[in-house]
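*Asks:* Residue numbers (UniProt numbering), protein chains in the order written: chain A, 1 to 784; chain B, 1 to 170.
These are calculated hints, taken from the structure and not from any lab test.
Idealized CB from N, CA, C, for every residue including glycine.
Keep in mind that the hints are not guaranteed to be accurate.
To be verified - The following residues of chain B were derived to be distant from chain A, with all beta-carbon distances above 12 Å:
no., residue
1, S13
2, M14
3, G31
4, D52
5, G53
6, R54
7, V64
8, Q65
9, L107
10, H115
11, T118
12, M153
Stated by the list, open to error - According to the in silico footprint, chain B covers these stretches of chain A (three or more CB under 8 Å from chain B):
no., stretch
13, 244-254
14, 293-300
15, 676-683
Claimed, not checked - Now the stretches of chain A that chain B is said to cover, found in silico as 3 or more residues with beta-carbon under 8 Å:
no., stretch
16, 38-51
17, 165-171
18, 649-655
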Amino acid sequence: MTISTLPGDTPEEGGAVGTTVRRKEDGRLVTGHGRYVSDLRLPGMRQVAFLRSPYGHARLRRIDASAARTADGVDGVFTGDSAEIAAVGLRALSALPSYIETEQPVLARAKVRFAGEAVAAVVAGDRYQAEDAIELIDVDYEPLPATVCAWAEPEVPVHDEAPDNVLLQRTFEAGDVPETMAGAYLVLERELVTNRHAGNPMECRAGVALWDYADNRLTFWSGTQVPHLARNMLAELVGLPEGNVRVIAPDVGGGFGTKAVLYPEDVALCLMARAMRGVPLKWVEDRSEHLLAATHARDHRYLMRAGFAEDGRLLALEADVTCNVGAYSVYPWTAGIEPLMAGGLLTGPYRLGHYRCTVRGVATNTSPSGPYRGVARPASVFAMETVLDEAAHELGMDAVDIRRRNLITVGDVPYRMPTRLIDESGRYGECLDKVLDSIGYDGFRAEQARRREAGENPIGVGFACYNELTGLGRAAAAGPRMAFRTGHDACTVRINPDGRVTVLSGVTSQGQGLETTIAQVVADAVGVAYDDVDVRIGDTTESLWGFGAFSSRQAVIGGGAAHRAGEAVRGRVLALAAALFEVEEAKLKLEAGRVHIIGVRDELATLAELARVAYLESNRLPDGFEPGLEATRFYDPIRGAFAAGVQAAIVEVDRATGEMAILRWACVEDTGRVINPQIVHGQVAGAIVQGIGGALYEHLVYDEAGNLTTGTLMDYLMPTSAEIPELDIGHIEVPADNPLGVRGVGEGGTLGPNAVLAGAVADALGVRISRLPITPAVVWEAVQ
Amino acid sequence: MKVGFTVNGEAVSMEVEPRTTLADALREGLGLTGTHLGCEQGVCGACTILLDGRPIRACLMFAVQASGCSVTTVEGMAAEDGTLHPLQRAFCDQHGLQCGFCTPGMLMSALHLLHRETSPTRRRIREELSGNICRCTGYASIVDAVQAAAEEMAAGMDDAAPTEVTGGTT
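Sequences are here, hints too, so could you generate the full structure?
*Replies:* Written out as structure tokens, the structure is:
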């Protein structure tokens, strides 16, 4: 089967960047020939199943695995006290002064800290046998009181090191909040609580670990978003030279941050593989395990106090943010990932001089919180926008006017936020204008009033303005002063002896289509057709370095590296052609795989002819010209690229049932220069729909004893095609300051829906929405 | 025990345990890994296949229950020469997939719909696909793809036979 470009989008005519080329991934994915970790079969492979704690908090008194060890097909049983396992623990590091370092065991030792924590592992011939054997393991637990709420006093702390369960606390401060607040015309105080939910990719976690029998080498196939980081961490944890560890992330069925974590199960697989050299060990998680033990997110409380001037100007903001970080400081991102993002970006795209915000990460007996698309900001945007809506209400202003009064404008940029981040986008007003136009805001208020008069079901409008911080370079790197700084990626571009291009890129893809977009970038940078570029990603032996998929960074950073490497190779080709044909290099051009003299139609040589010389005909190589055509380049944007975004929706509420119908939804973001319009659109649409899921349906609920009561997809509801409205997605393209002019687009869409839907229901019914998700029951109660 | 059925037009016979699910028999026994397992609880729809032309969750059925039946999986959609089914093509054209994990189940559900209805409305498509969860696309592009395929298949029926799908589809 050939994968070619769509009609009318022939890259040769004007470059591949900016066009909707057909995705390189799709041919295998639509025919059932994808290569996911769960599809991998190796000779002699054995299956792993984990025994998981049924208690939220309990002392582990004794584990008796003798019956399991002799069960049918069982090759091995491991517990936290097994020598191979006990030697290693995960300690997420941070240099933040208040940070309390704690350890996450690979398999639980001494006590279990959340329901679902892995307690033992069985290796068997097939998954059925492994699960049978799991049931034969007898564990003696002594239950302890569990803490599931991060703003409740713990009876027994999760970790002895933190008696109050607080693992990290930090205060952001700018200006003079007390004095400014004292002089404010209006001071609002609100408590807002967001709902624990999760990325929940369609493919659960999976891994295959193989420790070579004779060579001291580890290969780990994993659905990870961060293969190079995983290699680095695994090498250190298992004590191998980094060159002896290979991490391969083949096709991955969604990640959304959930797979940017190195999990204890991953490390357990590798350690068990060391104990069983030469035997490939495979673990494929099921959904029950995933809901219990993959990372959760967004379980936050915001205590907001905001001072406004009479004209609606936001003068001062004081906030206290508590994030439930779960039982362990997530490896390697730490318990700081959500609280620090919440405090750092709470003020969003609004001008503010006086800000004081204390954030804390609090351990509880729940699954650890980790990175999830939008990290903290779907919650913090909800808090900020709710405060603006209520201030507008109190001041008798329109919801749009109060936002316009406070939004950072083009004239303000580069704008230094109170947390010292630099917003260089500033196009919020333009995005807002387009969104208002799209939802038909002009006629909305009249229709709203008409319905009220007529006693029909009420309608309401909600808004969210946000700034997505994307492509963070070394100067703006997110994260709580971890042991690594995530600014750069590398890319190698190689022209093969046949003139086709192979790209070894450090990016990874969990559905974002990076094989495609990196090929588009390289095709243009080198001067070849899109179809002549193959991109290989996700294998640490092939690409030099990439931090992976998080913080909407790969188009900016991995794309930048691909562009730079492509340009460097083109330079090599032109230098070779110049020497061979005795033409000045500056007069040459490489386009569509052919070298021309600029202005002359006929080519001097094809790229294939030149590549042949570079590799196979050294007799023709100019003096001093290094054989081969390849270049490797890094790129680090130093700062990040902010992407402005605005969303709005009109909803109709059924007063009798509390049900809500979304009538209109619009989103406009500053995407920077677009590499692939269809992929950008897909990223924004998918992100919005995840946001809608979090706002309306998705809720991971623990009971007081620490049991997850939403442990299947029948209890944890994700939106389907039947609930989701048609979305009107637009964008503006203001080039960012990086080689391609791009801005990240992966996460921004998730930032709006909480605020939009809460605001719309509040507007429709004249009620306050202080807790998420906004279920029909919540709406119905608000109406009563 | 031994079980025999037809998969994508070919008769197969295999040894399974009574408890082996049809999904595991297809994936592990026959190496047809296009059928994906997203929840093993019958909710997400990723493992949807056609059994005697009707969509079923392969994770909720035992392999032995398929005895004598005709199974169609995503691997059976393209023609033997590799020509993609209009639905597969439309999913590519309309960006109806991102990570591709839900795609085989989506394609099966969409195929079943288009076997029964030649020009479903967007609302119908959304209803019919509501048993398949996609976490990436936000669904609109999937609806676009099914609509586009329906149009192409309807146009194709006017002048030629539709692309044949192997297996006992109705």
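*Asks:* Decide, hint by hint, whether the structure agrees.
*Replies:* Here is how each hint holds up against the structure:
1. S13: For B/S13, whose nearest Cβ neighbour in chain A is about 20 Å away, the distance exceeds 12 Å, so it holds.
2. M14: holds, 14 Å
3. G31: violated, 7 Å
4. D52: Non-interface label stands for B/D52: nearest chain A Cβ at 20 Å, farther than 12 Å.
5. G53: holds, 19 Å
6. R54: Correct as stated: the minimum Cβ-Cβ distance to chain A is 19 Å, above 12 Å.
7. V64: Nearest chain A Cβ is 15 Å from B/V64, so the label holds.
8. Q65: Check passes; 17 Å lies beyond 12 Å.
9. L107: Its Cβ does come within 12 Å of chain A, the nearest being 7 Å, so this is violated.
10. H115: holds, 18 Å
11. T118: holds, 20 Å
12. M153: holds, 16 Å
13. 244-254: Contact hint for the stretch 244-254 of chain A vs chain B: holds, 4 residues under 8 Å.
14. 293-300: violated (count 0)
15. 676-683: It holds, with 4 qualifying residues against the three required.
16. 38-51: holds (count 3)
17. 165-171: Answer violated; 0 residues pass the 8 Å Cβ test.
18. 649-655: Violated - the stretch 649-655 of chain A has 0 residues with a Cβ nearer than 8 Å to chain B, which falls short of three.
Going through the hint list in order, the structure does not satisfy hints 3, 9, 14, 17, 18.
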